[in-house]
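A.B. asks: Produce the complete structure using the sequences and hints provided.
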Amino acid sequence: MTQEFEFTEEMKELREMVREFCAEFSDEQTVRQTMETEAGYDAALWQRFGSELGVFGLAVAEELGGAGLGLVHHAIVVEELGAALVCGPVLGTLCLAIPALSALPEETIRAEYLPGLVSGETTATVAIPQRAGEYSPDDLSVDAVSDGEAFALSGRLDYVADGSTADVLFIAARTPTGVALFAVDSESTGVERTRLFTLDQTRRQATIVLQNAAARLICAETETPDVLVQTLATATALLAASQVGGGQRMLDATIAHVSSRIQFGQAIGAFQAIKHRCANMLIAEEQARSAAYHAAWAIQDGTDEPLIAASLAKAVASESFLWISRSAIQLHGGMGFTWEGAPQLYLKRATADSLTLGTAAEHTERLARVAIDEWEPALV
Amino acid sequence: MTTAEVGVVPDAATIEQIARDVLAEHPPASTPITHLMGAWYDAGLTWVYFPRGFGGLDAPRSLQPLANRLMREAGGPEPRTVNTIGYGIVAGTIRRYATPELASRLLRPLATGEEKWCQLFSEPGAGSDLAGLTTRAVRDGDGWRITGQKVWNSLAHQSRWAILLARTDPDVPKHKGLTYFILDMQTPGVTVRPLRQLTGRAQFNEVFLDEVYLPDTQRFGDVGAGWIVANSTLGDERTSLGDRVSARGSGAIGDALALWAEKPENHSPILREQLTRLWIRAEAHRLTSDRARVAATMGVQGPESAITKLVGSELTQQIYEYCIELLGPEGTLIDTYSPEAPDDESGPTAIQRKYLRSRATTIEGGTSEILRNVIGERVLKLPQELRADKGIPWRDVPR
Ligand SMILES: Cc1cc2nc3c(=O)[nH]c(=O)nc-3n(C[C@H](O)[C@H](O)[C@H](O)COP(=O)(O)OP(=O)(O)OC[C@H]3O[C@@H](n4cnc5c(N)ncnc54)[C@H](O)[C@@H]3O)c2cc1C
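Taken in order, these protein sequences are the chains called A and B. Quick note on this note's numbering: the first sequence kicks off at 12 and runs consecutively. Quick note on this note's numbering: the second sequence kicks off at 10 and runs consecutively.
Hints listed in this document are in silico derivations from the structure and should not be mistaken for laboratory results. No residue lacks a Cβ here, since even glycine has one placed at the ideal position from N, Cα and C. All clues stand as given, with none of them false.
Restricting the straight-line Cα-Cα distance to at most 25 Å, the calculated cross-link-like pairs of lysine to any residue (SDA-like) are: (1) K363/B with I383/A; (2) K390/B with I340/A; (3) K23/A with D299/B; (4) K390/B with N291/A; (5) K23/A with G308/B; (6) K399/B with Q277/A; (7) K272/B with W386/A; (8) K390/B with A281/A; (9) K272/B with E385/A; (10) K23/A with P69/B; (11) K363/B with A211/B; (12) K23/A with M307/B; (13) K390/B with A34/A; (14) K390/B with S271/A; (15) K390/B with A284/A; (16) K23/A with V303/B; (17) K399/B with F275/A; (18) K390/B with F18/A; (19) K390/B with H287/A; (20) K390/B with R337/A; (21) K399/B with A278/A; (22) K390/B with S338/A; (23) K390/B with F282/A.
Covered stretches of chain A (chain B as the covering partner; in silico rule of three or more C-beta atoms under 8 Å from a C-beta of chain B): (24) 298–310; (25) 321–330.
Going by beta-carbon spacing under 8 Å, a handful of chain B positions derived as facing chain A: (26) A270; (27) R300; (28) G385.
C.D. replies: Below you can see the structure in the form of structure tokens.
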């Protein structure tokens, strides 16, 4: 076990390995081509990430095809995929489904789904009613009915991450006695999926309408709320790590640009207005990195309240990534406003990320409740 | 009494045992601070990573926070408060540059606070541009004669010793002609005049040096290497700050939270939101400082340490600005501006005093503007600004 923020050599090597693989097989050119395709991702490449590189199961137990290393390792992978804007079900499968399944009480169910997701052969997504990244049973939109043997789900799900390509849909639905988690085969009858046109073309979403779709119960009412709460906290922390990756990439690109672009007879990075904005970009990036990895370590080791750590990570990382990507456009000048330039891709990713699993404002409000309204001097 | 076996690198358990023994024998509540800190020094706990006999145990630096924590938990002082500049900047320099004889003469009274230290760097004509300073050091037999004027020198009026930067060669570019010395403030020719700060207190001074003699043994590093020595001490200061571990909701943000809880009649949605945003930034800053500390103990100097001073100082300012707003009309009051009043930022108008004091945080120890230059040029490696004095002998630089 490592102490918080103890980034080991082995973690650095993992990061390098994923980064090099992305640079080789998912460079910007590839991303641009892939994001224009119908599926929005390259299933063969996804599988290579899972099987050849083997980086999807670092937080999954070894007997389920994973490496059992913990959430910090998983976050490093997600960060690098975010840095490269890798197209594919990062959100649905890596941030949501794998953590959700790992949290299931039933070993046989975990063993059934996880190996396929870890190897990249199958993909999945999870639909959990949430507000501000917090499980919100009041917003449930799917009902489950049982004929005594099998379950069927009906209802409508909006903004489902990777919803049009996922093989399996994990859906929280209302039963007569509470809320339970179900698995639905996305190809089965009664499942209607409509692809949405997303502002960020590298992150796909769908609307899913269920009409008596056959479903399998994978988590009972007694355990489901805990699983959903934990899944959302973990997914939020992982999304923050992805934002950190995107922010770092835009910071690096901006530094490279202002160091080589000459105006008034010198590189524009020599001007203080530019230099100081770059310094502020670095500061924003480093604050986000600290908050995101604190959340990963805290959830992995139980050293902080998961909801506080995750909200802190998401609030800070959203603002940082947005501000860094907007600054990148500004400091690239006209180039920054072109379709060809990289900054536009990151601005769109930053925008989408900041509105997913709770906006910065929502997480800030949640922190206001737990950190300010409920703050007790005696407890500090 | 536990002692660390010579030749064996002490581990956490050994350090803990030694510390507990010292604290049991010298209960902080009833022991005068100088005795307590003396015993702590003799046991090698002041700087566990220093050599034995010099306040250390040849232990890994990563064990220092443990010793500090045990001291704190026993009700002892935060070491830096005993001798701020001594602990923050000077001790590491002495260890690196003083002869063993001089080091053993200086370190113990530094550690106990019996001999306070101050920093004679800034001058009326050299603040941000410290390397442009004018104070001259001229050879005189076995030693040096120093003449010049220093300014903004915190605690110089209470200090026995000073670290001093002076120009030994005006004919080379500014960074290359500086030499680093230590000065006994009781030497003839040293005049200290307190300067009153906007807080009403007089914690900093101007210091006049008139043909002050010091022996060559009080030179640290080579002649002309003063800039390098001074920068190594700045690095020490950053890492020594890292030996402190802070808890969620402590420090300035803790003041704001406490004030919020005390003043429900002043609550409003806007103030609640502002406090939350400050809390979030304070947390991100606290975690970044933690990360810098862990990186430093692993021997990595990441960008974190360059960032923490800048962020911490601006945040502290903004938190107290917020507190003043939250106080409302009460914020218009101050208990006293008497120069003699203690400078401990307590009392009935503690918040107002902290608010006033916080204006210094973005100036002292490098201004925010300069720190952004440093981050831009040294961390991000951006091209340097055009500098009018670059490569020119100091003598020929306009001033
Ligand atoms: C409370 C307090 C305690 C202090 N204690 C000590 C001490 O113990 N020992 C000691 O030696 N000194 C001490 N100082 C001095 C401190 O280090 C200097 O005040 C500081 O370095 C700034 O120098 P200056 O005051 O000459 O301001 P200047 O350098 O004149 O700066 C004025 C303004 O110009 C800006 N500026 C200057 N150069 C640039 C540039 N290149 N780019 C952009 N902006 C620039 C600055 O950021 C600042 O905003 C202390 C200061 C304070 C306030």
